[in-house]
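Protein sequences, first through last, are from chains G and X.
Just so you know, we're using our numbering here: the first sequence kicks off at 1 and counts up by one.
Just so you know, we're using our numbering here: the second sequence kicks off at 115 and counts up by one.
There could be a bad hint or two in this list.
Unchecked claim - These stretches of chain G come out as covered by chain X in the derived footprint (C-beta under 8 Å, 3 or more residues): (1) 16 to 26; (2) 87 to 95; (3) 105 to 114.
It is worth saying that the hints were derived from the structure and are not from the lab.
Computed from a predicted structure; not experimentally measured.
For glycine and all other residues, C-beta sits at the position ideal for the given N, C-alpha and C.
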Amino acid sequence: EAGVVQSPRYKIIEKKQPVAFWCNPISGHNTLYWYLQNLGQGPELLIRYENEEAVDDSQLPKDRFSAERLKGVDSTLKIQPAELGDSAVYLCASSPGTGGAEQYFGPGTRLTVT
Amino acid sequence: DQQVKQNSPSLSVQEGRISILNCDYTNSMFDYFLWYKKYPAEGPTFLISISSIKDKNEDGRFTVFLNKSAKHLSLHIVPSQPGDSAVYFCAASDGGQNFVFGPGTRLSVLP
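Okay, chain X solo, but in the shape it has when bound (with noise of 0.2 Å):
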């Protein structure tokens, strides 16, 4: 049972465009959630994160949106670039050092 879903495989968005990511997670317990890119033959890096306690983080073109009561988040990237396409995997953790990912999201960002 995935406590981390991320329901779009693949995702293109036009340069410049807004780019959402979903993410939704079943468990209640989890109150910190991160966000991390993948390039091909490359470890994921961290992006953002956002803890249970806000609805919004922003990093720069990055902003990290959480709706606790639809157990559901989400990342906006403004404007989108070439180089932003990756894989981006989201992340839940209940409190402690362990983190879920979801299956990730393939973003292409066409010029």
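In isolation and in its complexed conformation, chain G is listed as follows (with noise of 0.2 Å):
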């Protein structure tokens, strides 16, 4: 079975420039979350799908970021304009979306804003 695949792993971009991040779930997993980790510290949620529905954006910085999941599989995390503090590692999770279910894990996208 395929884990969560996540695109680019790395990515350097100049402050004010736009950057995105896409994720593709495990196969027939409904829920589907984007963390944000920061170095040194764990997974913040920035946003939770429960299909193509987000149920919990509260954390989501809405001034500068954007999600989106189209016919509730990939998805996608925008930053538009990126600022310095934005560098960190962004995470994508899925899980089956039963109560309680661990979630799995991609290898993350590790942004640089210069």
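Quick one: dock chain against chain with the hints and give me the complex.
Pasting the structure below:
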């Protein structure tokens, strides 16, 4: 079974530029998460999807961040414009959606904003 | 305010000995807890979980203990192996689909 796929793995951009990350969850997983992980910290939830619906985006900085999950499968996370403080690892995870189910994480995208 | 705390940023243990990683939480609504292991340049991988109706769950070399009254859980690895060297994250949920992660503890198992 293929795991969660993320691309790109690494991205370096200048501040004020836009950037997008892509995630393909495990087949059949209805729930998809985007997390941000800063160095030395645990993952912090940005947004959670149940199928194509964003059910929790309370931690997503909506002035510059946006996300979509068309057709309830793949998802993209966009930052426009990027700021220096956005440098972090962006993790995507999916789960089958049953209560208390563990999440399966992708390898992450390491973003560096210069 | 951190709801899930892992107060030891790092831990070193000799191969073959027991590793004990600790986690404390503040939200009394948390009722499901998980441990994840993370190697460099990889995403976290699920290790073991425990529901609040239990106080212990065991899976091979890994055992998680939950003390609800103290809002404390611990992960025991015995015997520790060099391949266990990784960052370990504790995560907690209030029964929904969202999990709050601790900052992690870096475990080094010395040969």
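Under a C-beta cut-off of less than 8 Å, do 3 or more residues of the segment 16 to 26 of chain G approach chain X closely enough to confirm the stated coverage?
violated (count 0)
Claimed coverage, the segment 87 to 95 of chain G by chain X - three or more beta carbons nearer than 8 Å
holds (count 3)
Against chain X, does the segment 105 to 114 of chain G show at least 3 residues with beta-carbon separation below 8 Å?
Held - the segment 105 to 114 of chain G has 4 residues with a Cβ nearer than 8 Å to chain X, which meets the minimum of three.
Going down the numbered hints, you'll see the structure goes against just number 1.
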